[in-house]
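Colleague: Listed below are the residues making up each chain.
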Amino acid sequence: SQTIHQWPATLVQPVGSPLSLECTVEGTSNPNLYWYRQAAGRGLQLLFYSVGIGQISSEVPQNLSASRPQDRQFILSSKKLLLSDSGFYLCAWSTGQGVAKNIQYFGAGTRLSVL
Amino acid sequence: QQPVQSPQAVILREGEDAVINCSSSKALYSVHWYRQKHGEAPVFLMILLKGGEQKGHEKISASFNEKKQQSSLYLTASQLSYSGTYFCGTVFSNTGKLIFGQGTTLQVKP
Numbered sequence: 001s002q003t004i005h006q007w008p009a010t011l012v013q014p015v016g017s018p019l020s021l022e023c024t025v026e027g028t029s030n031p032n033l034y035w036y037r038q039a040a041g042r043g044l045q046l047l048f049y050s051v052g053i054g055q056i057s058s059e060v061p062q063n064l065s066a067s068r069p070q071d072r073q074f075i076l077s078s079k080k081l082l083l084s085d086s087g088f089y090l091c092a093w094s095t096g097q098g099v100a101k102n103i104q105y106f107g108a109g110t111r112l113s114v115l
Numbered sequence: 001q002q003p004v005q006s007p008q009a010v011i012l013r014e015g016e017d018a019v020i021n022c023s024s025s026k027a028l029y030s031v032h033w034y035r036q037k038h039g040e041a042p043v044f045l046m047i048l049l050k051g052g053e054q055k056g057h058e059k060i061s062a063s064f065n066e067k068k069q070q071s072s073l074y075l076t077a078s079q080l081s082y083s084g085t086y087f088c089g090t091v092f093s094n095t096g097k098l099i100f101g102q103g104t105t106l107q108v109k110p
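One line per chain: the protein sequences are A and B, in this order.
Heads up, the first sequence stops at 115 in the working numbering, and the numbers go up one at a time, no gaps.
Heads up, the second sequence stops at 110 in the working numbering, and the numbers go up one at a time, no gaps.
Source of the hints: derived by calculation from the structure; they are not laboratory data.
One or more of the hints may lead you astray.
[To be verified] Derived pair list, reagent style DSSO-like, types lysine-lysine, alpha-carbon separation capped at 30 Å:
1) LYS26/B to LYS67/B
2) LYS59/B to LYS37/B
3) LYS79/A to LYS97/B
4) LYS68/B to LYS26/B
5) LYS80/A to LYS97/B
6) LYS50/B to LYS97/B
[As the list claims (entries may be wrong)] Which residues of chain A face chain B? A partial, calculated answer using Cβ under 8 Å:
7) GLY43
8) LEU46
9) ILE103
10) GLN104
Nothing here was measured: the structure is a model prediction, and the numbers come from that model.
Every residue gets a Cβ at the ideal spot worked out from N, C-alpha and C, and that includes glycine.
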């Protein structure tokens with residue numbers, strides 16, 4: 001069966017510090033991968049998605065970036081965090097194939113507080 | 001392009017029914033429903049493809065009206081475990097990505 005791992009679960013970082021969040025998927029190959037941010041009490045904002053290694057689409061201009069160095073690994077980064085980067089970051093995957101191609105399965109999330 | 005959900009919040013007693021609506025201004029290819037409990041990740045409930053089908057998951061079912069470009073989620077005989085925030089996600093084309101609504105918070109009280 002497929003599983004998705006996301007870490008760390010909680011992170012407190014000072015303004016201006018770098019960020020690296022990692023997500024890995026097991027039990028499937030060539031998944032579509034996604035990074036979302038959810039502000040407190042708000043909806044899911046798609047940040048990046050990837051359909052293959054090295055292929056990244058950015059949805060929202062910001063000081064974040066994403067990379068996919070391996071088939072089942074997706075990394076969210078920032079060189080300098082802003083206060084507004086605080087939120088709940090979720091990684092998700094989908095098969096990208098068939099009628100269920102867009103069904104997304106989420107990781108447990110990382111709660112980021114920028115102080 | 002974000003779908004609009006209504007109502008924004010619902011409070012129920014156990015055993016009562018609720019309907020959550022999801023509307024789009026653009027033609028839809030499919031609609032997804034997810035539930036997120038407080039502090040947790042969203043969990044997939046069901047997908048509805050264009051064709052007006054209705055699907056069910058325990059006592060939760062949903063419909064998809066292509067002409068009206070909307071979907072409705074029906075929760076019958078609600079249980080405490082149904083509490084959470086429900087999101088609809090819409091896909092506008094066969095190759096399109098999922099765009100989530102703003103969410104509807106459901107609270108079921110004993």
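Colleague: Would you mind marking each hint as holding or not holding in the structure?
Modeller: Verification of the supplied hints:
no.	hint	verdict
1	LYS26/B to LYS67/B	10 Å, holds
2	LYS59/B to LYS37/B	18 Å, holds
3	LYS79/A to LYS97/B	27 Å, holds
4	LYS68/B to LYS26/B	10 Å, holds
5	LYS80/A to LYS97/B	29 Å, holds
6	LYS50/B to LYS97/B	16 Å, holds
7	GLY43	4 Å, holds
8	LEU46	7 Å, holds
9	ILE103	6 Å, holds
10	GLN104	6 Å, holds
Figure legend: structure checked against the earlier numbered hints; every hint is met.
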